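Undergrad: Spelled out from the first residue to the last, the chains are:
Number of protein chains: 2
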Amino acid sequence: MDTSTEPKHALRADARRNREKIIEGARKVFAIKGASAQMEDVARVSGVGVGTVYRHFPTKEALMTELVRRTFASFIDIARAALDREGEPFDIFADVLRSNLELVAGDAAVQQAIMGAGAEVWEGTEPERRQMGEISSQLIERAHAAGTMRRDAGAEDIPMLMCGVCASMGHTAKMFDWHRHLELAIDSLRVR
Amino acid sequence: MDTSTEPKHALRADARRNREKIIEGARKVFAIKGASAQMEDVARVSGVGVGTVYRHFPTKEALMTELVRRTFASFIDIARAALDREGEPFDIFADVLRSNLELVAGDAAVQQAIMGAGAEVWEGTEPERRQMGEISSQLIERAHAAGTMRRDAGAEDIPMLMCGVCASMGHTAKMFDWHRHLELAIDSLRVR
DNA sequence: TACGATACGGAACTATGATTCCGTTTGTCA
DNA sequence: TGACAAACGGAATCATAGTTCCGTATCGTA
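For the record, the sequence lines run as chains A and B.
Residues 238 to 429, numbered by our numbering, are exactly what the first sequence covers, in order.
Residues 238 to 429, numbered by our numbering, are exactly what the second sequence covers, in order.
To be clear, the hints were calculated from the coordinates, so they are not data collected in a lab.
Given the structure is predicted, the values throughout are model-derived calculations rather than measurements.
Facing chain A, from chain B, some residues (calculated, C-beta under 8 Å):
1. W359
2. M397
3. A404
4. H408
5. F413
6. D424
Quick reminder that beta carbons are idealized off the backbone N, C-alpha and C, glycines included.
Work out the full structure, taking the sequences as your base and the hints as a guide.
TA: Next comes the structure, spelled out in structure tokens:
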């Protein structure tokens, strides 16, 4: 499933190639510097001029939105795959969280997006977030049925807890162990 | 206890008055807009000119550091008061967390500081954070002795969990309930 | 009150970084 | 292969916001 914003008309071969180079380059740059990365950097790392970046993405925000959208799409893939898995429902759900956050760990821009920095990126990824929420709900429902997840825990808690763990990842001082934070968050969802 | 950076020589009466006005004004402005507040705004709200703001604080970062330092000092006061309180140690500790975060809830700049945005503010408040850590340790030790806090929980988990709750507070979309996040975090520290 | 030291205000300066513009180059198609 | 649309590069532009500067005003003291 691909919800990305494709250009209206067919792209020329070089343009298609450049578009990919830009997305790859932008991923690298934004992953390291987060939203404070500069468009000049994106252009340099991608091996194109700034003008070319702007030909493909009207604003920096639009470019970031596309990148985040793709990562959120991966979340969905991971969660969907978990729906078919056999095993203890709570553990399956916890593993989805672990996989998704592992994916986020190397990408400062995605961390910031999850933390809700930048209204445009947040709103621009609404469809992906909604879908992710639906799948979460199913996985959580199973854990409730199994009696292994605390009664009052719901799908709406998940983005909030992920947001918290992302904050630990992004902390300037490298003093926080986000794996630890995540395990505490998971434990807080267990039935007591 | 006041660790603040006082000016070296005695201030003239008007200067002393302005210094207070600036700190009050800056608190309001940074509380609402966080680090992205502008020095011009601070000056206007404080009722002084920008030049005057810079006479008292050499940089925006320095001003923010002073504000955050003061809030952290309040944390310490609250925690210290808890040392003398009678009752179940875990609950006493949890209440310190609740009080401190309530204090933070209205102040975006402090939230960002706890989340480690801005290296200078982080480093500039090291003494306060260390002190807070020491008092935390004592409260936690008591809860361990009482057997109500999980064995592997330590003082180093606290700033991390607070950081997570602050991320919920600061989220663009008002969709997260930080009180809920905090209670989950507290529960994750309870002995199982 | 008069004077020198302090402090004030805010216009001007500067740096940074997003975005635009346009002359040049390249792909596509007849 | 020639023509033209599509795409490119990057210098120039524009906006924002932190910081500096300096002429003026005020405080404290003799």
